[in-house]
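Which chain is which? The protein sequence lines are A and B, in order. Residues 1 to 227, numbered by the working numbering, are exactly what the first sequence covers, in order. Residues 1 to 306, numbered by the working numbering, are exactly what the second sequence covers, in order.
What the hints contain is simulated information worked out from the structure, not anything from laboratory work. Check the hints yourself; a few may be wrong.
Think about it this way: if two alpha-carbon atoms lie no more than 25 angstroms apart in a straight line, the pair counts; the simulated DSS-like pairs of lysine-lysine are [to be verified]:
(1) A/Lys183 - A/Lys81
(2) A/Lys81 - A/Lys69
(3) A/Lys72 - A/Lys183
(4) B/Lys10 - A/Lys131
(5) A/Lys113 - B/Lys10
(6) A/Lys47 - A/Lys69
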Amino acid sequence: MIYFDNVSKLYNDGRSAALQEVTFQVAPKEFVSIVGHSGAGKTTLLKMIIAEDNPSHGQVFFESLDVHKIPKTKLPHYRRKIGTIFQDFKLLSHKTAYENVAFAMEANGRDDKEIVENVPQALALVDLDDKAWNFPNELSGGEKQRVAIARAIVNQPDIIIADEPTGNLDPIATYEVVQILRKINDLGTTVIMTTHNKGVIDEIERRVITMDDGRIVRDDATGKYVL
Amino acid sequence: MITALRRIVKAGFVGFWRNSYVALASIFVLTVALFVIGSTMFLDQLLATSLNTLQTKVDINVYFVPDAPEEEVERIRNAVAALPEVSVVQFTSAEEALQQYRERNQGNEISLQALEELDDNPLGSNIAILAKETSQYESIARFLEEQQGLESAQTQVIDEINYAKNKDSIDTLTSIINAVEQASLTIMAVLLIAAVLITFNTVRLAIYTSREEIAIMRLVGASNVFIRGPFMLQGIMYGLISGTLAMLLFYPLLVWIGPRTEAFFELNLFDYYIVHFGEIFGLLVGIGVVLGLISSMIAVARYLRT
Ligand SMILES: Nc1ncnc2c1ncn2[C@@H]1O[C@H](COP(=O)(O)OP(=O)(O)OP(=O)(O)O)[C@@H](O)[C@H]1O
Ligand SMILES: [Mg+2]
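For reference, chain A alone in the conformation it holds in the complex (with noise of 0.2 angstroms):
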């Protein structure tokens, strides 16, 4: 569902390359998770995938669409069939919990029966009912991110993107964080989700792709974190 064909990423200095020669590809439904140091170019490899940037060589493929072939004014269009979570939230501010999730699919143009009916179901996939209404800064880190799960979840995705998910919560928040996106793979979310977290990837048990100045240099079927 997802390949890459031979991406390279240079920086505009052009002496440091963010992603090296990178192939590979991911199936429906799987959950893979990116490991590597920082700056082993984890995020420049996400933000490939939902064409927030261009690589320098190399194509990249969504299904059959080449993703950096889409025109500016399709790319709306494409990035909805994409859940994305960060590390740091990116909730918008004034809007509450509730309101953050309806906006993802304002902007995808459903209209207010289903918005109604799916907000809630999505907030309470991540157990955040009773928080609604709450604005983010109301919300501990752990709440945030999972109102960005439920923000991600709720256009029913082809795929989920996640960049550092758990990087700034606490073990229990990463826990939960972990068993919400483990569930959403279950429920048939193709997952892609980079981490530091050894844990997390013990407690997976899935493909392992682990990255080294800008190269995939393993690829395991089976959870192992090895750095």
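With the hints as your guide, set chain B with the ligands onto chain A.
Leaving out everything else, chain B with the ligands in the frame of chain A:
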């Protein structure tokens, strides 16, 4: 489509309310800008009116000899009135001139006595000519001088044209009027540009605080229209509110200053404000809305690129 519009409108209002600090700052600056623009408009009106009254005070007087034949006087009077540059010709008959002379010299026994000793009215009739514009006096005077030149010694009708006497003061006035008009235009232009730039900057700064929100909206897959819409609506709201505020601010100011401008410029600005309320209100709100809308569109466009 309708749903999207409704959502944009709702987001605009909610954003306005929750971002009220930023909204207040923008409205404050926009109100000041509109106040400045309005003030220059009033000032310009004041200048225009006073220049008008000044101009009507300039004229050319033609004095006819006392025994000038009435038909000749009538002919010249009509010829002058027919000139395209002339706006008003005011005729004063010999009797009226005498009457005015008496009134002017009331209490001046010697002059009045001298007048009594004369059998005939020593004064002739005269006409006062107003041009449409001050610069046109020159050509009117030339026309009159030509008429004077045509007359032979026996049939002399025009006694004196006082343009030459007034010429210097008319010239000075004309150049002062031109200078003042140019200066006020320049000042208005400078103030306007400053007001526009400051508004642009404030709204840009206000939206700068929302740049992260804009980035997040893009990541969630919101289209540009959907992101831009609420900001545009807020820009329009800034304009509406600021225009109304500026209009309200002028009220007490003009109540106070109106009588003063009446004494000095012969125009009561407060009356002018009341009579032209709708126009001024529409103009201020219109400028406010255009300014708010354009500056928010430019500001958001920066974060929607790439
Ligand atoms: N916009 C940019 N301009 C220039 N260099 C960049 C840019 N973004 C990333 N880089 C460089 O690319 C390399 C990879 O960065 P990336 O953010 O992908 O690392 P990462 O694996 O996500 O690290 P971390 O675990 O700390 O998040 C780094 O050396 C970084 O300095
Ligand atoms: Mg990173």
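* Asked: Which numbered conditions among the earlier hints are violated in the structure presented, ordered from lowest to highest?
  -> Number 3 only.
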